[in-house]
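Q: Join the two chains into one complex using the hints; note that each chain is given alone, in its own frame.
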Amino acid sequence: MVLAERRRGNQSISRIIVRQTSAEWCGHVKAGSPLKLSVLDLVPVHTEQSSSDAIAASIALAKRADDLGFERYWVAEHHNMPAVAATNPPVLIGIIAANTDRIRVGSGGVMLPNHSPLVIAEQFAVLEAAFPARIDLGIGRAPGSDPVITALLRSSGATSDVDEFPKNVQDIRMLLSPDGATLRLGGGRGGDSGRDYAIKATPLAAAASPIWLLGSSDYSARLAASLGLPYVFAHHFSGEGTAQALALYRDGFTPSEDLAAPRTFLTVNAVVADTAEEARALALPQLQQMARLRSGLPLGPQVTVEEAAAATADLPPALQDLIDRMSERWIIDAPGPAATRIRALAAQFGVDEVMISPGAGSSVPDDPRTAPGRIRTLELLAAELVTIRGNSVAGSAVDPNVHANE
Amino acid sequence: MTQATTQPQDTRKAMQFGIFSVGDITRNPVTGEEPTDASRLQDVLRIAQHAEEVGLDVFAMGEHHNPPFMPSSPVAINSWLAAKTERLILSTATTLITTNDPVRIAEEYAMLQHLSGGRMDLTLGRGNTGPVYPWFGEDIRQGIPLALEKYALLRRLWREEFVDWSGQFRTPLQGFQSTPRPLDGVPPFVWHGSIRSPEIAEQAAYYGDGFFSNHIFWPAEHTAKMIGYYRQRFEHYGHGTAAQAIVGLGGQAFMRKNSQDAVNEFRPYFNEAPVYGNGPSLEDFTAQTPLTVGSPQQVIDRTLGFREYAGDYQRQLWLMDHAGLPLKTVLEQLDLLGGEVVPVLRKEFAKNRPAGVPDAPTHDNLKAAAAAAALVEKAAEKSAEDVELMEVGS
Numbered sequence: 017m018v019l020a021e022r023r024r025g026n027q028s029i030s031r032i033i034v035r036q037t038s039a040e041w042c043g044h045v046k047a048g049s050p051l052k053l054s055v056l057d058l059v060p061v062h063t064e065q066s067s068s069d070a071i072a073a074s075i076a077l078a079k080r081a082d083d084l085g086f087e088r089y090w091v092a093e094h095h096n097m098p099a100v101a102a103t104n105p106p107v108l109i110g111i112i113a114a115n116t117d118r119i120r121v122g123s124g125g126v127m128l129p130n131h132s133p134l135v136i137a138e139q140f141a142v143l144e145a146a147f148p149a150r151i152d153l154g155i156g157r158a159p160g161s162d163p164v165i166t167a168l169l170r171s172s173g174a175t176s177d178v179d180e181f182p183k184n185v186q187d188i189r190m191l192l193s194p195d196g197a198t199l200r201l202g203g204g205r206g207g208d209s210g211r212d213y214a215i216k217a218t219p220l221a222a223a224a225s226p227i228w229l230l231g232s233s234d235y236s237a238r239l240a241a242s243l244g245l246p247y248v249f250a251h252h253f254s255g256e257g258t259a260q261a262l263a264l265y266r267d268g269f270t271p272s273e274d275l276a277a278p279r280t281f282l283t284v285n286a287v288v289a290d291t292a293e294e295a296r297a298l299a300l301p302q303l304q305q306m307a308r309l310r311s312g313l314p315l316g317p318q319v320t321v322e323e324a325a326a327a328t329a330d331l332p333p334a335l336q337d338l339i340d341r342m343s344e345r346w347i348i349d350a351p352g353p354a355a356t357r358i359r360a361l362a363a364q365f366g367v368d369e370v371m372i373s374p375g376a377g378s379s380v381p382d383d384p385r386t387a388p389g390r391i392r393t394l395e396l397l398a399a400e401l402v403t404i405r406g407n408s409v410a411g412s413a414v415d416p417n418v419h420a421n422e
Numbered sequence: 235m236t237q238a239t240t241q242p243q244d245t246r247k248a249m250q251f252g253i254f255s256v257g258d259i260t261r262n263p264v265t266g267e268e269p270t271d272a273s274r275l276q277d278v279l280r281i282a283q284h285a286e287e288v289g290l291d292v293f294a295m296g297e298h299h300n301p302p303f304m305p306s307s308p309v310a311i312n313s314w315l316a317a318k319t320e321r322l323i324l325s326t327a328t329t330l331i332t333t334n335d336p337v338r339i340a341e342e343y344a345m346l347q348h349l350s351g352g353r354m355d356l357t358l359g360r361g362n363t364g365p366v367y368p369w370f371g372e373d374i375r376q377g378i379p380l381a382l383e384k385y386a387l388l389r390r391l392w393r394e395e396f397v398d399w400s401g402q403f404r405t406p407l408q409g410f411q412s413t414p415r416p417l418d419g420v421p422p423f424v425w426h427g428s429i430r431s432p433e434i435a436e437q438a439a440y441y442g443d444g445f446f447s448n449h450i451f452w453p454a455e456h457t458a459k460m461i462g463y464y465r466q467r468f469e470h471y472g473h474g475t476a477a478q479a480i481v482g483l484g485g486q487a488f489m490r491k492n493s494q495d496a497v498n499e500f501r502p503y504f505n506e507a508p509v510y511g512n513g514p515s516l517e518d519f520t521a522q523t524p525l526t527v528g529s530p531q532q533v534i535d536r537t538l539g540f541r542e543y544a545g546d547y548q549r550q551l552w553l554m555d556h557a558g559l560p561l562k563t564v565l566e567q568l569d570l571l572g573g574e575v576v577p578v579l580r581k582e583f584a585k586n587r588p589a590g591v592p593d594a595p596t597h598d599n600l601k602a603a604a605a606a607a608a609l610v611e612k613a614a615e616k617s618a619e620d621v622e623l624m625e626v627g628s
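Going line by line, the protein sequences match chains A and B.
Quick note on the working numbering: the first sequence kicks off at 17 and runs consecutively.
Quick note on the working numbering: the second sequence kicks off at 235 and runs consecutively.
In isolation and in its complexed conformation, chain B is listed as follows (with noise of 0.2 Å):
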C-alpha cells in the first residue's frame, strides 16, 4: 500500500495555540489616537489573518454589547475570516449562551461550520457584564441555571433531527429541526469557559466537552483548582481518564527582545487598560496573574510552567491586540509569538506528554472518532444478529 501523501495537509496537533481578542476600543494612551468602530474591526480582521501568516493554529472572537467593546457578532467575524484563511480555526472567546437564544446559535454555527469546511469551534461563556443581561430579556442572577438549560437545548438542535422541547427561558418547540445539519454530522467541538463556577466545570465534564479556564485575572492555585475539579469529573462520567479530559487556558503577553524594553513600552499601555487599568501595578499584576512582559525565552518559561498545575492540556490562547496597542505593534508581537514562542513551546509541550492525552479538537478528529464509535456499534449489532442466528438454529 503506498504513503498517503496525496492526504490533505495533517491537521492534528497535540496543542493549538492562538490567540484571542476582545475587540476592545481604546484610545493609544502614548499617541492619544481614538481607534473607530470601523478601523478597530479592520485591525482585527488583519491581527487574525496575520495569526495564520505566522503559523498560529487559532483565532477566537469575543462577543460584547456594551462599550468600550466593538464585536457584537462574532459569527459574522468568523465568517468573512473564514472565506479569507486555509487554515486557521475560528473560535470564540466567548459566545454568550446567556444571553442568545440557543436556536440562533445552533443554526449560525452550523453554517459557520460548513462556510468553514469544519475550520470552527466555540467556546460558550456567560458573561459578568449586569446591564447586559436585560437588555435581551434575562437576568444575570439566573446566569448559572441558563447557561445549564440554553447549553441543554444546543446540543441537542444539533444532535438530533427533529425537537420537540420546552424548558424556562424559552417558548416551547414542537418537532423543530435546525438548518443546516451538522457537517458530517458531526457537532461542532464546545469549550465551556468559566474563570470561577464550578457549575460550568461540572457541565463540561458532566457532557465530555472541553474546558476553557481565561486565567488572566486570577492567581494560579484558583486556576488549578478549576481544571483539577473538571478533569477529576470528566473522568467520574465516563468520558476517559481525567488527564484525557479537554482543557484550554488563556494567557496575556508582551514582548521585545530586551525584556527592559517590553516593560517601558508596554507599562502606558497596562496602566490605562480597561478593566485591570489605574488599578494594580504591572508589576503585581504580572506576579500575581499570568500576564507577562518580557523577552520571548519568558513567555516560554511561563507558559511551559502552565502545565504544573493544568496537566497537558490542549489549547493555548493568549491576549495580544487590547488596551489601544496599534497594529503595527500587535502583527510585530505575533511575529514574534509565531516565530520564536510557539515552535519551542511546541517541541517541549511534546516531550514527556504521556501517550494517552488526547490531541487538540479538530473536525477531522471528531469525524475520524465519530465513525470508529459508529464502526464499533455496528460490529456490536453484528455479533448480537450472531448470537440470534446462532440461538434460532440451535
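Next comes chain A alone, as it looks inside the complex (with noise of 0.2 Å):
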C-alpha cells in the first residue's frame, strides 16, 4: 500500500478516494436502505386536452403512484403557461389528497412572495385537518412568473414580499401551529405596550402540516439551515449547484422544534419507458417546450409526441443544441439503467429520497384525461427501485411532528 502511495502522488489519491465513493456508496446506500420516491406534477396540457382532461391525467398519475408505494405527490405553482395548469396548489392538494389513500400530498412549491401568508396558512390548515399527516407545505421565493402576474395576484400592486420572506415563513409556522400566534398591537407612545392579538390558521389544529424551503440558489440553503427547517434544492432545473447548496444547508444546520437533523431530497427529470429509444421519443415534447421557454419563444401547449417527432427536422441547431444538452441531464432511459442513475444520484448527494418529475409527453391516440407515458415512468422505476412498504397505512398514522426520525 505504501508503495503504491507513494507511485500515485497526493492528487490522484485524492481523486481515487473520491471516485471510489462514487462508485460504490450507491451499492452499499441500496444494499442498507431501499430508496423512496416521490413526484412533482405541473399538470402539464398538450394540444389534444383541455385543462379538465389535464387534471383528470394528473388525478390519474397521482392515484397510480399512490398505488405503487410511491412517498410523496407534490404540485408546482406556475401562471399564465400555456402548458402548465398547475396554478393553484392548494386547490390541486385538496382534490389529489381526496382521490388518493395514503400517498403524502404537498406544493413544490408555494410562491410564498405572491400571497398573503395567513391565506396559505389558513389552506393548509383546512387541507391539514381534512387529511391527517399527509399534507406537506413546500414554499418557494420566486415569483413563478412576471410583474404583470404578480401585480394581479397582490392586491398591493406589482412588488411582491420577497425582502419579506424570511419573517412571512415564520409567519406561517406560528400560524399553523396548534398553539397560534400573538400579534402586539398599538403601543409605543407614552409608555403604552399596546395589546396582545391572538391569531391562528384554525381553530383547534390538531398538528401542523411539515413546511420545506424549496431553492435554486445559497439563500435558502442557508434561511432553512438557520430556522432548522427541511429544504430541497431545485436540481432538476440545472444540475448545477447542488452540492454547494447542499453543504451549505446541512454544515449550517440548526435542530429546531420540528426537526433535529437535515432532512433533504433530489428532484430529477425522468421519462423511462420499456427502451432508451422509446425514453427519448417520449422526452422530446417536453424537452422542446423547455428549450424554447430557455430561449425567449412564444409557447404554447405542449407538443404531441408526434409532432415533437415531426418538429425535430427543423429545429434551430441553437434549439437543438439546448435540447441535447437538457436530455444528458434528465434521465431517459430504460428501467435498469435509469434506476442505477437515480441511485447513483442519491449516494453522491446522500440522500434517501428522489422526487421524480415524470417528462413523458402523450401521443395523439391516448387517451386525454389520463397520461401514459408518465404513469409507466413511475411503474418502471417503482419496479426497480421501491419496496413496497408492509406498514404504509401504519406509517400515514405518525405524528408529522417525528419526521425527523423518518
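Take these hints with a grain of salt, some might be off.
As the list claims (entries may be wrong) - On the chain B side, residues computed to face chain A include the following (Cβ under 7 Å):
#1 Glu-383
#2 Ala-386
#3 Gln-437
#4 Phe-451
#5 Gln-522
Said to hold, decoys possible - Residues of chain A clear of chain B, computed beta-carbon distances all greater than 12 Å:
#6 Ser-67
#7 Glu-138
#8 Ala-197
#9 Ile-391
Everything labelled a hint here was simulated from the structure, so no lab data went into it.
For every residue, glycine included, the Cβ atom is placed at its ideal position computed from N, Cα and C.
A: See the structure below:
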C-alpha cells in the first residue's frame, strides 16, 4: 500500500478516493436501505387536451403513484403558462388528496411572495385538518411569473414580498402551530405597550403540516439551515450548484423543534420506457417546450410525441443544442440504467429520497384524460427501486412532527 | 523461561473507553454562573485527570476557533496532560485537517508522541463551521478535497524521511524533513472522524486507518450505514476482513442512581445546551439519538446496543462535560462512568467478541505490528537470497 501511495502522488489519491466513493457508496446505500420515490407534477397540458383533461390525467397519475408506494406527490405553482395547469397548489392538493389513500400530497411549491402568509396558513390548516399527516407545505421564494401577474396576484400592486420572505415563513409556521401566533397591537407611545391579539390559522389544529423550503440558490439553503427546516434544492432545473447548496444547508443546520437533523431529497427529470429509444421519443415534447422557454420563444400547449418527432428536422441548431444538453442531465432511459443513475445520484448527494418530475409526453391516440407515458415512468421506476412497505397504513398515522426520524 | 513479571502493565485492551470534551463555555442555567476561559480550561484539565483516576482509557480534546468554545489548541492541552497523567491515552475530537497546515500537525503531534511516550493518537475532522475556514485561508466548499489532500501529505511526512510534495492547497515542499521523527519509527494512529461523508469513510478504509463516528446527533440507521460502508471498503483495500476494521463511536450520557433524578437534573442544561438547546425536547432527542439520561444501567444497556449496528468496535467515548454542567457534577458523572458503567461494559463487550477482532490501537500494539511486519519482510528477503544462492550453486 505504501509503495502504491508513493507512485500515485497526492492529488491522484484524492481523486481515487472521491471516485471510488461515488462508485461504491450507492451500492452500499441500496443494499442498506430502499430508496423512496416521490413525484413532482406541473400538470402539463398538451395540444389534444383541455385543462379539464389535464387535471383528470394528473389525478390518474397520482392514484397510480399512491398504489405504487410513492412517498409524496407535489404540485407546482405557475401562472399564465399555456402548457401548465398547476396554477394553484392548495386547490390541487385538496383534489389529489381526496382521490388517493395514503401518499403525502404537497406544494412544490407555493410561491410565497405572491400571497398573504395568513391565507396560505389557512389553506394548509384546512388541508391538514382534512387529510391529517398527509400534507406538506413546500414554499418557494420565486415569483413564478412576470410583473404583470405579480401585480394581479397581489392587492398591493406589482411589488411582491420577496424581502419579507424569512419573516413570512416564520409567520406561517407560527400561524399553523396549534398554539397560534400573537400580534402586538398599538403601543409605542407614552409607555403604552399595546395589547396582544391572538391569531390562529384554524380553531383547533391537532398538528401542523411540515414546512419545506425550496430553492435554486444559496439563499434558501442558508435560510432553511438557520430555521431548522427541511430543504429541497431544485436539482432538476439545471443540475448545477446542488452540492454547494446541500453543503451550506447541512453544515449550517441548526436543530429546531420540528427537525433534529438536516432533511432533504433530490429532484430529477425522468422519462423511463421499456427501451431507451422509446424514452427518448417520449421526452421530446417536454424537452422542446423547455428549450423554447429557455430561449425566450413563444410557447403554446405541449406538442404530442408525434408532433415533436415531426418538428425535430426543422429545429434551429441552437435549440437542438439546448435539447441535447438538457437530455444529458435528464434521466431518459430503459428501467435498469435509469434506476442505476438515480441510485448513483442519491448516493452522490447523500439522500434517501428522489422526487421524479415525469416528463413523458402523450401520443395522439392516448385518452386525453390519462397520461400513459408518465404513468409508465412511475411503474418502471417503482419496479426497480421501491420496496413496498407492508405497514403503509400504520406509516400514515405517524405524527408528522417526528418526521426527523423517518 | 520465567513469566514476564517485570513487564510494564499490560496496555492492551480489546476496547478503550473514555470521554471527549468540546470545551464549550456555557453559562450554568441553574446557578447563572458563567465560566471564564481560565476557569473552563482548569475544569477541563481536572476532568481529564479524573478520567484517569476513575480508570478510563482515553481523553479526547476538541479543537475550535469560535465562541462559545475555548480549546483552540488541543495539542497544547494534551501535552500538559501527558506530563500529569500516567496511563491515559490523549486523543483529539477532532484535529481540524482542513484549516491546519499538515506540516504543523505532523510536527506538533510527533512532539506530543515523544512527550507522552506514545500515549496519544488523533482524530481528524473537517469542522462544519463555515466562517472558520476563511480565517485560515480556506473555503468550506473545498472541505472534502482539503481533508483528502492534506492527510495524504501528513501521512507521508511521518512515513518518509525526506518529502518532495506539491498540491493544490499548500506551497510545495522540497526535500522537507518533519521533526521529530515518530517515536520508535511508528507514526501516531489516526482516526478519521465523520458523521455523514462517505468520502471520509472511504479515506479511512483506503489507508486502513480508524473510523470514528460521533453519532450523537444522528439516528442509528445513519451511523450503521456509514460504518458498514467503512468496514466493507476496509476489506476491499486488503487491510483485513470487514470485522477487523477499527471503529470508534461517540456517545452522550447523564446519570443518577434514580433515572427520574437524572432527567430532572439534566433538563435545564439540555434545554440551553449549545447546538441542540432551544430545539427538540429532551424526550425526542433521547429517542432519536444515542443521548441517554437515566440510571447507569440504562447507559450500559444503550451502549451495548451500539454493537448491534456498529459491530464489535474498539473505542467508545462519551461527551460528559458540556452545556454548563458544574465541575463537581461532571466529576460525579465520571465516578459513575468509571465505577459502575465501564467495568460492566468491558465484561459484556468481551462476551461473544470474535477472536479475529483487533484490540484497540495503542503505540505498543502498533510497534509490535511493525516489528512483526519487518520480520516477515526480512524472512522474505532471506528466502529470496536462498533461492538466488541455490540458482548460483546449481
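Q: All hints, please: hold or fail.
A: Comparing the hints with the structure gives:
no.	hint	in the structure
1	Glu-383	holds, 5 Å
2	Ala-386	holds, 4 Å
3	Gln-437	holds, 5 Å
4	Phe-451	holds, 6 Å
5	Gln-522	holds, 5 Å
6	Ser-67	holds, 44 Å
7	Glu-138	holds, 27 Å
8	Ala-197	holds, 18 Å
9	Ile-391	holds, 32 Å
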